[in-house]
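Engineer: Position chain B against the provided structure of chain A, taking the given hints into account.
Protein chains in written order, with the numbering used here: chain A, 23 to 256; chain B, 9 to 820.
Any given hint might turn out to be false.
Here are the simulated distance ranges between beta carbons [said to hold, decoys possible]:
no., chain 1, residue 1, chain 2, residue 2, range
1, B, Glu744, A, Ala233, 38 to 48 Å
2, A, Val161, B, Ala619, 55 to 65 Å
3, B, Ala721, A, Asn173, 50 to 60 Å
4, B, Leu396, A, Ala116, 40 to 50 Å
The following residues of chain B were derived to be distant from chain A, with all beta-carbon distances above 10 Å [as the list claims (entries may be wrong)]:
no., residue
5, Arg127
6, Trp240
7, Gly496
8, Pro507
9, Val516
10, Val527
11, Ser687
12, Asp715
13, Thr726
14, Ile773
These aren't lab readings, by the way, just hints derived from the structure by calculation. We put the beta carbon where it would ideally sit given N, CA and C, even for glycine.
Given next are the chains, with one letter for each unit.
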Amino acid sequence: MMSVAMSSFGSEFRFEFPVCGVREPHTIPFHSLITIHQDQIMQSIVRLSRAPLALTALTLALVSCKGDSITDPAGESEVITRVTLTLTPTTGAAISAFIEDADGNGPNPPSAQVGTLNLPAGSTFTGAVRFENRTVTPVEDITAEVLAEANEHRVFYTVTGAGITVNSTDLDGAGRPLGLRFTAAAVAGTQPGARTLRVLLCHYDKQVKPAVAASCTVDTDIDVSFALSVPNIV
Amino acid sequence: MIDEYHNPIPLSLVEAPASGAWRDGKRAARIAFAAAAAAVAGALSGSANVLQGQAGADGGPIGGVRRIHGELRDSASGSALRGAEIQITGPVTRRSRTDAAGHFEFARLPAAPFTLRVRLIGFAPLERVVDVSSGDATVRLSLRTSTISLDSITVTANALADPLARVAATSTVDAAELAATRGQTLGETIKFLPGVSVVQFGPSIAKPVIRGLNSQRVLVMNAGLRQEDQQWGTEHAPNIDSFDADQVTVVRGAATVLYGPDAIGGVVRVEHDRVPDGGSLKGDVAFNGFSNSRQGALSLGLLGGGLQLPLVGRTGYRLRFTSRVAGNSAAPDYFLTNTGFRELNGSATLGVHRPWGESEVMLSHFSTELGVLRQAHVGNFDDLQRSLSAPPPDSSFSYGIDRPNQRVQHTTLRVRSAFVLPGAGELEVVFGSQANHRREFDNHGPLRARGIAAFNLKLFTNSLDVRWNHGLQHGFVGTIGTSAMVQGNQTLGKAFLIPGFDLSQAAVYAQESYAIGRVTLSAGARTDVFSQTTLPFSDAGIRSEAGTRRWNGFSGSFGGELRLTDALTTSVRVARAWRPPTVNERYAQGVHHGTAQYELGRASLDPERSAAVEAVARYSTTGTTLEVAAYSNQINGFIYLQPRAPVLTIRGAFPAFNYNQTDARLDGVELSGTLAPTSWLRLQGTANAVRGLDRTNGGPLFDMPADRATLQARVVGTRPQLGNWYIGLGSVLVREQDGVPAGTVYQLPTAGYALASVDFGSANIAIGGHRIDAAISVTNLLNTRYRDYLSRYRLFVNDVGRDVVVRLRVPI
Numbered sequence: 023m024m025s026v027a028m029s030s031f032g033s034e035f036r037f038e039f040p041v042c043g044v045r046e047p048h049t050i051p052f053h054s055l056i057t058i059h060q061d062q063i064m065q066s067i068v069r070l071s072r073a074p075l076a077l078t079a080l081t082l083a084l085v086s087c088k089g090d091s092i093t094d095p096a097g098e099s100e101v102i103t104r105v106t107l108t109l110t111p112t113t114g115a116a117i118s119a120f121i122e123d124a125d126g127n128g129p130n131p132p133s134a135q136v137g138t139l140n141l142p143a144g145s146t147f148t149g150a151v152r153f154e155n156r157t158v159t160p161v162e163d164i165t166a167e168v169l170a171e172a173n174e175h176r177v178f179y180t181v182t183g184a185g186i187t188v189n190s191t192d193l194d195g196a197g198r199p200l201g202l203r204f205t206a207a208a209v210a211g212t213q214p215g216a217r218t219l220r221v222l223l224c225h226y227d228k229q230v231k232p233a234v235a236a237s238c239t240v241d242t243d244i245d246v247s248f249a250l251s252v253p254n255i256v
Numbered sequence: 009m010i011d012e013y014h015n016p017i018p019l020s021l022v023e024a025p026a027s028g029a030w031r032d033g034k035r036a037a038r039i040a041f042a043a044a045a046a047a048v049a050g051a052l053s054g055s056a057n058v059l060q061g062q063a064g065a066d067g068g069p070i071g072g073v074r075r076i077h078g079e080l081r082d083s084a085s086g087s088a089l090r091g092a093e094i095q096i097t098g099p100v101t102r103r104s105r106t107d108a109a110g111h112f113e114f115a116r117l118p119a120a121p122f123t124l125r126v127r128l129i130g131f132a133p134l135e136r137v138v139d140v141s142s143g144d145a146t147v148r149l150s151l152r153t154s155t156i157s158l159d160s161i162t163v164t165a166n167a168l169a170d171p172l173a174r175v176a177a178t179s180t181v182d183a184a185e186l187a188a189t190r191g192q193t194l195g196e197t198i199k200f201l202p203g204v205s206v207v208q209f210g211p212s213i214a215k216p217v218i219r220g221l222n223s224q225r226v227l228v229m230n231a232g233l234r235q236e237d238q239q240w241g242t243e244h245a246p247n248i249d250s251f252d253a254d255q256v257t258v259v260r261g262a263a264t265v266l267y268g269p270d271a272i273g274g275v276v277r278v279e280h281d282r283v284p285d286g287g288s289l290k291g292d293v294a295f296n297g298f299s300n301s302r303q304g305a306l307s308l309g310l311l312g313g314g315l316q317l318p319l320v321g322r323t324g325y326r327l328r329f330t331s332r333v334a335g336n337s338a339a340p341d342y343f344l345t346n347t348g349f350r351e352l353n354g355s356a357t358l359g360v361h362r363p364w365g366e367s368e369v370m371l372s373h374f375s376t377e378l379g380v381l382r383q384a385h386v387g388n389f390d391d392l393q394r395s396l397s398a399p400p401p402d403s404s405f406s407y408g409i410d411r412p413n414q415r416v417q418h419t420t421l422r423v424r425s426a427f428v429l430p431g432a433g434e435l436e437v438v439f440g441s442q443a444n445h446r447r448e449f450d451n452h453g454p455l456r457a458r459g460i461a462a463f464n465l466k467l468f469t470n471s472l473d474v475r476w477n478h479g480l481q482h483g484f485v486g487t488i489g490t491s492a493m494v495q496g497n498q499t500l501g502k503a504f505l506i507p508g509f510d511l512s513q514a515a516v517y518a519q520e521s522y523a524i525g526r527v528t529l530s531a532g533a534r535t536d537v538f539s540q541t542t543l544p545f546s547d548a549g550i551r552s553e554a555g556t557r558r559w560n561g562f563s564g565s566f567g568g569e570l571r572l573t574d575a576l577t578t579s580v581r582v583a584r585a586w587r588p589p590t591v592n593e594r595y596a597q598g599v600h601h602g603t604a605q606y607e608l609g610r611a612s613l614d615p616e617r618s619a620a621v622e623a624v625a626r627y628s629t630t631g632t633t634l635e636v637a638a639y640s641n642q643i644n645g646f647i648y649l650q651p652r653a654p655v656l657t658i659r660g661a662f663p664a665f666n667y668n669q670t671d672a673r674l675d676g677v678e679l680s681g682t683l684a685p686t687s688w689l690r691l692q693g694t695a696n697a698v699r700g701l702d703r704t705n706g707g708p709l710f711d712m713p714a715d716r717a718t719l720q721a722r723v724v725g726t727r728p729q730l731g732n733w734y735i736g737l738g739s740v741l742v743r744e745q746d747g748v749p750a751g752t753v754y755q756l757p758t759a760g761y762a763l764a765s766v767d768f769g770s771a772n773i774a775i776g777g778h779r780i781d782a783a784i785s786v787t788n789l790l791n792t793r794y795r796d797y798l799s800r801y802r803l804f805v806n807d808v809g810r811d812v813v814v815r816l817r818v819p820i
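One chain only, chain A, in its complex shape (with noise of 0.2 Å):
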């Protein structure tokens, strides 16, 4: 038991200690950690009996000396602030609409969509979804990582209003779905009007991605909205 503990602390034991006048604390090895402080402290006690004073004033010196405080953090590598939908007609010109939450993380709510889905009845486009974090430049493409841990994801979609479908079409490589690409098809004959295409990626993490799902039963990294619309026919 007692080695089971020490292996897994076996890279973590460490003693930190900051050292006056440093910018950043160093990690000082165990044994040198003793003899730096043994001397001090051997020091100290031989001192007690003839300058309280002076121990006072090296205590006072350490008391000061506590290392720099930093704000540093390594940067949310997984923030994911703009999600792209770039639907690819049979024929003709690609469109494309996306959602952006500038502030990552902060409280403010993502932007209203930039870009409209017109998608007219009885057309049938190849969809891609594109997710990227603009708050870093060069800016970043998490697409690719999603697509490198393919395994572990999956992105749902799911039409709110009739008429519209949207199904995945790319597989993980287990054969399971995983929604980067996708089809829209309008209905021939479908009203117009608005419709709403939720998108969800679906993180699996541990747990085994089913091969079938209906929903996302795990963790949610990705979760908006797109509105969508069947134009009047003209």
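Structural biologist: Chain B in isolation, oriented as in the chain A frame:
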């Protein structure tokens, strides 16, 4: 073991009195054995509650008609000495103080020899045998001034504790009780003391709650140093090795005069005995096993006094090494996924005792890795809703710790010196340096960055305390001191929670008590200045302003204890305290894992200011003790998390809270008592109730513990081979907590529940030439399904089920 004034009586004192004027060796041995057996039986019968009945070891009834009274004078001047501590040990142990005329009296003593000890700072201790077997005794004693410190007697109750113990509600768990009841963590060990609960995230994270207040309002002191381990987080458990404690004392109510603004709710003091002065190597090996989480904890301690160091001379030492491994805990129907934990701790102390006083150096290291319940880390509000309603997933037992998890290391260097001032007490200087490193890993993260922590916070704290513990000076006994602390924080993780900051704090205080006949008055005053500087931060949408804010404030307390009769004392205390806002209350920004709640600090928060009144009545005779405490604590500017509109991000919606202030009041009552109707039966009970009110908005405060009562019955006895054995039954009764604030999903009320426990064990079992202590206890005997209101996992899972705990201790 404690006396009627709730001052702890060190076991060593009762077991092995120092050599004195023993005339009859056989009688001395009989007294020592009787005292030791009484102390151990008394201690073991108390489980976690410390109000002890006292009984004779030979099983006979305790009554008494004898009296000892006497007079104490200064041998040099002949004047009466007031306020000296007189302690008599024998079949019973009592303590008293000399009054203005130097008089003291003990009544209703059994007819037996007693050892009488006199202690007064600045004088040499005195010991005398007083035999009242054949009649009452009157003694005249005189003390000589001395430069030699009082260390022939192991002291665990110091001058700092005494003034408070008389007027504040205090509970103590001594070494024997700690060994018999030690839980998986420090919080679990003290959770059944009166007035104490714990906020829990499973058994591995248990934070003390005193009278409804916790975290930054409850100070934890470790070996005389304020424990600075980022205690502002509710899921940041105290980083203290629960094996490395010789005594734990809980002071309920504001103790801010002596300990600073953090102690606005109370103090948990983890105390170490001083290192011995001479004596051979002693040690112990302790093993605790918990069946519920298949946990094993092993602790090795060494203690000795005869080390000869170059330049320094004779040095005492104390070493402790503890290791703990636990797997997933089990609720009655399923395992709590990912709740295992590990600990690896070590501490080493060297100390010298000399005519000028004493000095000690301690270096300790605590490290832990613990898993957080998998379900407790949710993605967003929808995920949380799903988690709340779905049954816990199938899970099995495992020792593995996965994400989400925490890794914490805490390193402490402490130097303490006490210089004897002849005729004027002692000057105590304590220097501490602490480094705390906390990393929290969430269960999101790309493969390539698995090792990068979401939160990575380092806290460095240096502190210096200088105190003059003066003995009797013009009738006053007390402490005058100064305290200084500087602290720096580094925020390094992937995600932002709090900014880097610098904190400086300085204080001057005095706590004095004055005895007039049957009344002891106690007063204290303290003034603090604080300076908090935060570093600017701006990235990924989080913006944290820079700035420095300074606060200063005054704390005070005034109280009195009246000794109505030998058995009955009452005390009343009023206290005024304040607490500046912490950095997380001012600058938190982001999702706090474990709760999926988005917390937003408010930089403009003002300090909390509290005014409290408390009354305690204590009744203590042989065989019966009873304590009733009632309090009302009004806190203006009480800082809490107020629900607000959800925060929308690209990840979805999160329940959100702003740090805000309101005027609050906490009222409560605590009862505890022990009864020893016969020599072989011990009964014990406690009851606590707290009501927290938000005076501004009406309605209850968040995180108020439910009303609770504990009952315990034990049969005790002594056998030559078996030692001091006991068998007991216990129960914990908790009322429903329906006093919950409205408006958020977290404030789920909980139903009441009742738990049963059984325990049996023995101390001083003779096995192969060794004397070992062994105990087995079964908690939640009936495998009851329940959820405690203060368990943060109650949203997702039931609390733990049956746990068979084995505790062994082998002295070596």
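Engineer: All the hints need checking, so say for each whether the structure fits it.
Structural biologist: Each hint, compared with the structure:
no., hint, verdict
1, B:Glu744 with A:Ala233: 38 to 48 Å, "holds (44 Å)"
2, A:Val161 with B:Ala619: 55 to 65 Å, "holds (56 Å)"
3, B:Ala721 with A:Asn173: 50 to 60 Å, "holds (58 Å)"
4, B:Leu396 with A:Ala116: 40 to 50 Å, "holds (42 Å)"
5, Arg127, "holds (24 Å)"
6, Trp240, "holds (16 Å)"
7, Gly496, "violated (4 Å)"
8, Pro507, "violated (5 Å)"
9, Val516, "holds (16 Å)"
10, Val527, "holds (37 Å)"
11, Ser687, "holds (41 Å)"
12, Asp715, "holds (37 Å)"
13, Thr726, "holds (34 Å)"
14, Ile773, "holds (24 Å)"
The structure shown violates the earlier hints numbered 7 and 8.
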